[in-house]
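Novice: Quick note, the sequences are listed as chains V and B, same order. Take 1 as the starting number for the first sequence in the numbering used here and just add one per residue. Take 1 as the starting number for the second sequence in the numbering used here and just add one per residue.
Don't take each hint at face value.
Pairs involving identical chains hold if they fit within one copy or between any two copies, as the list cannot separate such chains.
In the DSBU-like style, the derived pairs of lysine-lysine whose C-alpha atoms are separated by at most 30 Å in a straight line are [claimed, not checked]:
id, residue 1, residue 2
1, Lys406, Lys285
2, Lys7, Lys406
3, Lys327, Lys359
4, Lys285, Lys359
5, Lys327, Lys386
6, Lys75, Lys386
7, Lys40, Lys75
8, Lys31, Lys7
9, Lys17, Lys327
10, Lys406, Lys10
11, Lys386, Lys88
12, Lys40, Lys10
13, Lys17, Lys386
14, Lys135, Lys386
15, Lys75, Lys369
16, Lys327, Lys369
17, Lys163, Lys327
18, Lys135, Lys75
19, Lys369, Lys414
20, Lys327, Lys285
Simulated from the structure, these hints should not be mistaken for laboratory data.
Protein chains: 2
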Amino acid sequence: MTDLRTKIEKANQEATKRMIDSQPVWVDVRKAIDVCPGLKENMIMHAGPPISWDRMAPPQKNSLKGAIVYEGWAKTLEEAERLVESGKVEFSPCHEHDAVGSMCGVTSPSMPVLVVRNETFGNQGYILIYETSEKERLSFGSYGPRVLENLAWIDEVAAPVLKALVTKMGSVNLGNIISRALTMGDELHSRNTAATALFAIEIAPHLMELNFDRAMVSQVIMFIQQCEQFFAHFSIVAGKVTADAAAGIDYSTVVTTISRNGTEVGIRISDLPAQWFTGPAGHIKGLFFSGYTQDDAQLDMGDSAITETVGLGAFAHAASPALALTKGNVDMALAYTNEMQEICVGNNPNYGIPALGGKGTPVGIDLRKVLDTGITPGINMGIAGKRGEGQIGVGNSQAPLEAFRKALLAFRDKYAAEK
Amino acid sequence: MTDLRTKIEKANQEATKRMIDSQPVWVDVRKAIDVCPGLKENMIMHAGPPISWDRMAPPQKNSLKGAIVYEGWAKTLEEAERLVESGKVEFSPCHEHDAVGSMCGVTSPSMPVLVVRNETFGNQGYILIYETSEKERLSFGSYGPRVLENLAWIDEVAAPVLKALVTKMGSVNLGNIISRALTMGDELHSRNTAATALFAIEIAPHLMELNFDRAMVSQVIMFIQQCEQFFAHFSIVAGKVTADAAAGIDYSTVVTTISRNGTEVGIRISDLPAQWFTGPAGHIKGLFFSGYTQDDAQLDMGDSAITETVGLGAFAHAASPALALTKGNVDMALAYTNEMQEICVGNNPNYGIPALGGKGTPVGIDLRKVLDTGITPGINMGIAGKRGEGQIGVGNSQAPLEAFRKALLAFRDKYAAEK
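Whenever a hint applies, use it, and build me the whole structure from the sequences.
Specialist: Written as structure tokens, this is what we have:
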């Protein structure tokens, strides 16, 4: 047993070190089909672990059907549904194609994605451009003329401008922005106000010099100004390339994926990188927009919990007491981070939190510590309506213990001979 | 005595309320001579209370001579000095012309100034555009070809672009930016990182749409990107229009000016708005740039302490533990603000500090409380070299108790009959 334990400790140190050493940089904008490994012409990606159509959460179904219409494979949602049921349209988790998706996470082949590279380890990750701050978004399970209009704008205006921009700049260092934003009130999941402003000031001079239709460029900077969460998608995909760099280390019990599809929460650990362990998606505690209650809320959903997986979001809550859930209560915000520290291997010295005297965010969730303490990872997030209403609130959820129990059983089975 | 005390309390509430109700907005860029009341064609303004040439601090002298050459009144610093000694060039405190100046505060008639209006009370204030982040600046008492080059750029590029911008926008609400920046790690005197980014994201779309030479516009946004303290001058002049709105209230012992010229610190109180009370300028405790020590430092200097006068800077230190002096020590940062609270009338609900659970910055320095407690206002600031080296460090100073003692004596004299 001692030998196995030593191997695990060493492997977990390595996994955590890889997360800390990761350097996410934005390098390109491409169509999903051109870059996501394994994505097919007739396939749509979604958030969370794999799921069958009959068990899929209503907003995710709605979003998926909307994407089919967006792609022009069907004219109506009903037609789209028949297409899915016929098996002609496949669907698959974003996470299995080096991608991540916010909330429903629905990403279809022709949609433009941000390309982010881990400079240290060379792996890449992909995510949609932030859709809009409007309540109704495809990512939140809404569908309608306005949703399609916004998606068309992303495709025709935002994507080409951002592609021209990043091509001119070469790359934008996301780790630097994340590090600075943590000292400015962001936790980089539910709050990206500072990161978005820092991103804007970094790109503004280059946007100005871009040899591009000026009205389009102007629209893009105006869009970023109006979306305080614009940087969230950069933060999420930065989390993805960071977590992926720590995946596949023998003996490591470090969690490298936490992801939800509105029905189940799935996790993966470094030692078993291709295997999902699931538990039921939980309710989200939080604040609801006027006119909505818990009864209207879809259960826990989205790949965005990859931010927590690498030590941001709820793990960095101490940096962001202003968040809705803590309402400026500094002690409560500190308590969140301190609790998450109990299940982590270490701290990220690149991501210091002022309220902790500059101590880094807790990083490297150890499956064993989760089970020893009974503390499961907290996740900060938006709340989607379950009937396609779009965003109806903001809150915080807990990953289910069951998923972690299953993962430990599988890990024990694999190394039973070494016990 | 009770009656007088009641009148003082009421007047101090009014003075503090006026500070809280103030709404500073940026509205224009003009030449100083065209807007500063009482400024003459042959007059140069400087920071701090009035001072004679022989007692003026060396960096301020240097800066003043540099401005004379900048104006073309002399060809060399020696010629400029003779001109001053001949009495042909006058000098006068910025504060007596509705203006404020950072560090040496030297502002000559043709220099472009930011025009900021207090929307609530209608009064205006003026300040130079942030000069540069380079070590050598006229404002820090440096003079040379590079300093003149930067000043020329401000005059020929930054000023016209910013004027066109604010004319297009109508106005920019500085209070909103200050309020948000306080939740993002700024104290708005020595740290304006968030405020500068928020300002940049607010103006960027308008800059993009400006019908103006694109290369010039691009230079300006690049300049703002490179100067994290760019917003400091907006914060300082916002302080000026806020403090001025509280000046001239009979019976009020609220401090409406704290200002330093490197030789003396001068204060003014609401009840005696035209009268300066002075004490010796103090040493600045702080961190020195490599190669410099306390021996190289000019004593306390600049009108920027107007930020502390209205509850920002050292008074809001709890918002900004990352500042050099507290080096991320949250308790120390809180202690600064808590100490300043002891000498203040109230709190500004518009300027909440997250680390205080959203409680507003302490505001309305009551002269009587300063003398009762012996606590004098702390001031966050940059440190100028005394030999024209430019900025050599950052630190914190204390206003001298002597100035407050003199003010209380004058106040008592005025109301002796009511005792």
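Novice: Sort out which numbered hints this structure fails and list those numbers smallest first.
Specialist: 8, 12, 13, 15, 17
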